[in-house]
Amino acid sequence: MKLRLKIWRQPNATEKGKFATYDMDNVSPEMSFLEMLDSLNGTLVEKGEMPVAFEHDCREGICGSCGLYINGHPHGPQKLATTCHLYMRVFRDGQTIVVEPWRARPFPVIRDLIVDRTSLEKILVAGGYISVDTGQAAESNTTKIQKENADESYDSAVCIGCGACVAACKNASAMLFVSAKVSQFALLPQGKVEAKRRVQRMVARMDELGFGNCTNSYACEAECPKGIKITNIARMNREFWKAKVCGQKTV
Amino acid sequence: MTKLDSKIPQGPLAEKWTHYKEHARLVNPANRKKLDIIVVGTGIAGSSAAATLGEMGYNVKVFCYQDMPRRAHSVAAQGGINAAKNYKNDGDSVFRLFYDMIKGGDYRSREANVYRAAEVSNASIDQLVAQGVPFAREYGGTLANRSFGGVQVSRTFYAQGQTGQQVLLGCYSGLCRQVDLGTVTMYPRRDVLDIVVIDGKARGVVARNLVTGVIERHAAHAVVLATGGYGTIYYLSTLAVNSNATAAWAAYKRGAFFGNPSFVQIHPTSLPVLNEYQSKLTLMSESLRNDGRIWVPKDKEDKRHPNHIPEEDRDYYLERRYPAYGNLVPRDVGSRAAKERCDAGYGVGPTGLSVYLDFKDAIQKQGKKAIAAKYGNLFELYHRVTGSDPYEEPMRIYPAGHYTMGGLWVDYGLMTTINGLFAIGESNFSDHGANRLGASSLMQCAGDGYFILPYTLSDYLAAEIRTPHIATDDKAFEEAEKNVTGRIDKLMKVNGRKTALSFHKRLGNIMWNHCGMARNEEGLKKAYDMVEELEKEFWKDVRIPGTPNELNQELEKAIRIADFFGLAKLMITDALDRKESCGAHFREESQTGSGEAQRIDSTYSYVAAWEYTDEAGTPVLHKEPLVFENVELKERSYK
Amino acid sequence: MIKQSSLTKKFIMAFAGIFLVLFLLVHLGINLFILPITVNHQEIFGQAVQFMTSNPLVKVIEIVLFLTFLIHMVYGIILQIQNWIARPKRYRREGWSQTSFFSKFMIHTGIIILIFLVIHFINFYFVKLGWTAPPTGQAPVLGDHDFYHMAVNLFSNTTYAVIYIVLLILLGFHLSHAFQSAFQSLGLNHSKYTPIIRWLGYAYSVIVPLGFICIPLYFLIF
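Chains as they are written, first to last, in my numbering: chain B, 14 to 264; chain A, 715 to 1353; chain V, 1359 to 1580.
Isolated chain B (complex conformation):
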């Protein structure tokens, strides 16, 4: 396959970036997108140029490191797949592929296609946990949890923190990410104790970090590589309501 790549190049956070064009002649449809970039980088390095910096680690779709905005889609056109699981067979011979970093104010570019996503962690630090000290847990089976709830909690918990929802959202909103964590705990009895405090603190931190507002466009759900549902967002809205209206004090 022959391909033309237009890739965002930016040496660091402060310098301005621009698109660079690379023509690739020998792309195999069996390559993953990242392997294709590896191969481009090999050529660049041999020429003594700086390779395209991009993040990747597990390459099996679970660590959430990789994340490229490819032809208008976070993680590319393949549904329910991370960039590392995007295979070149989905592209046409001769196609032009535009590769951009995630764009959002809370995700500043570090280099080329690498952005700083630690703002996602900052939201989790504000309450994405259940406060239980090590060794204080009761025997697990003393608390029974309805299977449907446990399963739904799991479906929310599979978020890999890649930030595709933010990248896809026209408002750069992190609602899907935050609500997945809020939902995971809201669905479990263990999580109920701190539920009010959790949702208020996490939402406040999310706003503070400069993410946009949710306008229920649902691009996040369409692009989430793990199939996280927007029902999580509704649940978070409910939880927030409950906390604001019924909570004794505002956190």
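Incorrect hints may appear among the rest.
Stated by the list, open to error - Cut-off 25 Å, straight-line C-alpha distance, at most; resulting in silico cross-link-like pairs (DSS-like, lysine-lysine):
#, chain 1, residue 1, chain 2, residue 2
1, B, K19, V, K1447
2, B, K209, B, K135
3, A, K1219, A, K1240
4, A, K1337, A, K915
5, V, K1447, B, K29
6, A, K1083, V, K1550
Stated by the list, open to error - A few chain B residues that don't get close to chain A, going by computed Cβ distances all over 12 Å:
#, residue
7, L16
8, R17
9, I20
10, K31
11, D36
12, N84
13, A94
14, R214
15, W254
16, K257
17, T263
Derived by calculation from the structure, the hints in this document are not laboratory data.
Where a beta carbon is used, it is the ideal one built from N, C-alpha and C, also for glycine.
On the provided structure of chain B, position chains A and V as indicated by the hints.
Coordinates of chains A and V only, in the frame set by chain B:
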């Protein structure tokens, strides 16, 4: 020569840990604030340890090379986490779990450590559940279990096919809580390149900030390595592409002994190598073997489509060779059996290096729906990567480098031979002997981090309460920093023609062919020379563009690969020394008539702990004899 | 207002929106009597106008309605500005994701509806207050409260009728996203009921504007 002291507590096996805890020294809560601890690595072991230590009141600094701890490769563990809860009422117990691990490890692990790992396993499950880890449940609301390779009970807790992710996120949430409370400080995007030892005690690390390239000094009263395994030495493995041995290797060079470096588990059910560009072998969970049947054609020349090969022309070789365990034999046995068939010419696929994993019968019996509920995500994954639909035709699988049982040698308190330097999780050698059973890795990591290290580290730190904060202007820091910058400069100056990746591929090839699933003296010796030659070429011909003072992924790769050469040689040396077959270490010279691994207990019932001498010198072997008081050494049979 | 939580702002938007949705129904109910749907339609219309302009409770609701419009508008603008700020550098190849399509244009349709609202006020409400002159045409307007003839005059004007129709189609677009979005913002998403709400929303966003459109169409055709 340092004498190895494993410091195993006295007393009966079942009471050792209790005895240890009751007599360990403690640190007063007021004093804990004054003590700094560095934790390197944020997988399940690192995160759980850091969170627990922070919770106790220590000052914890956590390092990882990713942008966030949640990306550590524990996240990729699929199958489950073991515990001796006996929820299935099928005769499980702490002793049974211990016994299975000892046997599964082919009697090359330390009884006391393994027993302790089994003992704390139940508490780990309770802890994780309390933290909101959504394990699978029964309709009655209790936790569900499934069975895993190499055992006859159902003791594996799971969260569909992403248990590692869920367990890691549970530990990570605890870590987030401590960051929120201010007891833990995160240092992400750092590569720890050297360990600083002052007066025989680990006192800090030298790390490279991967964004700015700045070399940083960080001091502490103790250092904990939770850096995982070194399976990426094979280039193609189930590990994360950036997983590396650098911090552990630096510790080795500073005096920490390396235990059983050649013990590497090759996982039997990975996607096969599909093409030359491949950068990664994706694991297909072992749980697939619960319902999938593994086979190859009976006739080498049978090139029919698998769906057209009738039952009578199929060789279900695992069921044939191991009727008692069938497709659920331990990983090493399953991997070797696949290799045996492929080497004999029965392999399938374009390369002949894969076997079929077939769900036809399971789908017929249980229905497509039931199978989809259990393995739906794995089937999708397989379909996406290979383009073939496992509901319609059998999967093709082949073994891949997966887990390193070997690692830094530690005593009962998880301390390496450097005082104050601890190693937990996969980075130590301690619990899995020569082969690890499925779902016991998460168990060990959570146990080490939550319930073991906090005690043993406190015991060590009790003697440090009078030591003030360590200053980073000590000579040892200066020397370590010089060592690191010198090495980076040397790498940058090579200015050759080839990419670091190309060397990694070649190294991986050598190791896979000669120090992988089967080893022999001739091959190992040849491999040693080849590695040495490749290393020389690397230092003459590697090319790293850019400068070290910026985000430079080529430099990161080169630093990691440079360390792999030394480690590869150590692995080969260890494999050469151990002339027996045991667990995953299969020496072709030592096999039974039917091709099974042949242990030689009289000579090799020891842990090989290697001491670094200098760059050129051969490492010195120290032997920790393994004493079995509670189990009888038997031939490991799964027939 | 700016400092309020993003979720609070969304709740307020949703509440205001739902109130406006209800208002539209009442408005349409009355407007339909401009058409000869009954023999004495003109009389009923007149009575309804009389009720709406004189009942004290309606006066109170009227104030609430104005406030609702204002809040919906101001919050909408604040949210949009914040959303633009959240992505300072846009993509070269912008969002091809599958989304609730009209959600992308809520600010645009919203602003157009606002402009229409101003015209609408000039034509009717301000006339009632005596600030502006009633729209003139073939039909003689009998006083400030003779909305029937004002409407007839306006709708008989082809240009006005066409603009009116186009704007109501845009209102339909706005509503088609808004209806279900309001429920989502309020956290009312349920596997059983959300499909019904969505269906209702689409039905509403077609039927209500269509109802309004019938009136100028009638005057254009007959």
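The hints, checked one at a time:
Under the criterion of a C-alpha separation no larger than 25 Å, the hint pairing K19 (chain B) with K1447 (chain V) is consistent with the structure, at around 17 Å. Distance hint between K209 (chain B) and K135 (chain B) is fulfilled; the C-alpha atoms sit about 18 Å from each other, no more than 25 Å. Pair hint K1219 (chain A) plus K1240 (chain A) holds up; C-alpha atoms about 18 Å apart against a cutoff of 25 Å. The straight-line distance between the Cα atoms of K1337 (chain A) and K915 (chain A) is roughly 23 Å, inside the 25 Å bound, and the hint therefore holds.
For a cut-off of 25 Å, the pair hint linking K1447 (chain V) to K29 (chain B) stands: about 12 Å separates their Cα positions. Between K1083 (chain A) and K1550 (chain V), the direct Cα distance comes to roughly 23 Å. Compliance with the 25 Å bound is thereby established for this hinted pair. Under the 12 Å C-beta cut-off, the non-interface status given to L16 (chain B) relative to chain A holds; the minimum distance is some 14 Å. Remark: the non-interface label on R17 (chain B) is consistent with the geometry, its nearest Cβ contact in chain A lying 19 Å away (cut-off 12 Å).
Listed as a non-interface residue, I20 (chain B) keeps its Cβ farther than 12 Å from every Cβ of chain A; the least gap is roughly 15 Å. Here K31 (chain B) stays apart from chain A, with its beta-carbon at least about 18 Å from theirs, past the 12 Å limit. Separation of D36 (chain B) from chain A is adequate, the least Cβ-Cβ distance of about 18 Å exceeding the 12 Å criterion. Taking the minimum C-beta to C-beta distance to chain A, about 18 Å, the non-interface status of N84 (chain B) holds against the 12 Å cut.
Interface exclusion of A94 (chain B) from chain A breaks down, the closest Cβ pair being 6 Å apart, not more than 12 Å. A Cβ of chain A approaches the Cβ of R214 (chain B) within 12 Å, the least distance being about 9 Å, so the stated non-interface status is violated. The beta carbon of W254 (chain B) sits about 22 Å from the closest Cβ of chain A, which is more than 12 Å, so the claim that it is off the interface holds. The non-interface label for K257 (chain B) is consistent with chain A: the shortest C-beta to C-beta separation is roughly 21 Å, beyond 12 Å.
For T263 (chain B), the non-interface assignment is confirmed: its Cβ lies about 18 Å from the closest Cβ of chain A, beyond the 12 Å cut-off.
When the structure is compared with the earlier hints, violations turn up for hints 13, 14 and for no others.
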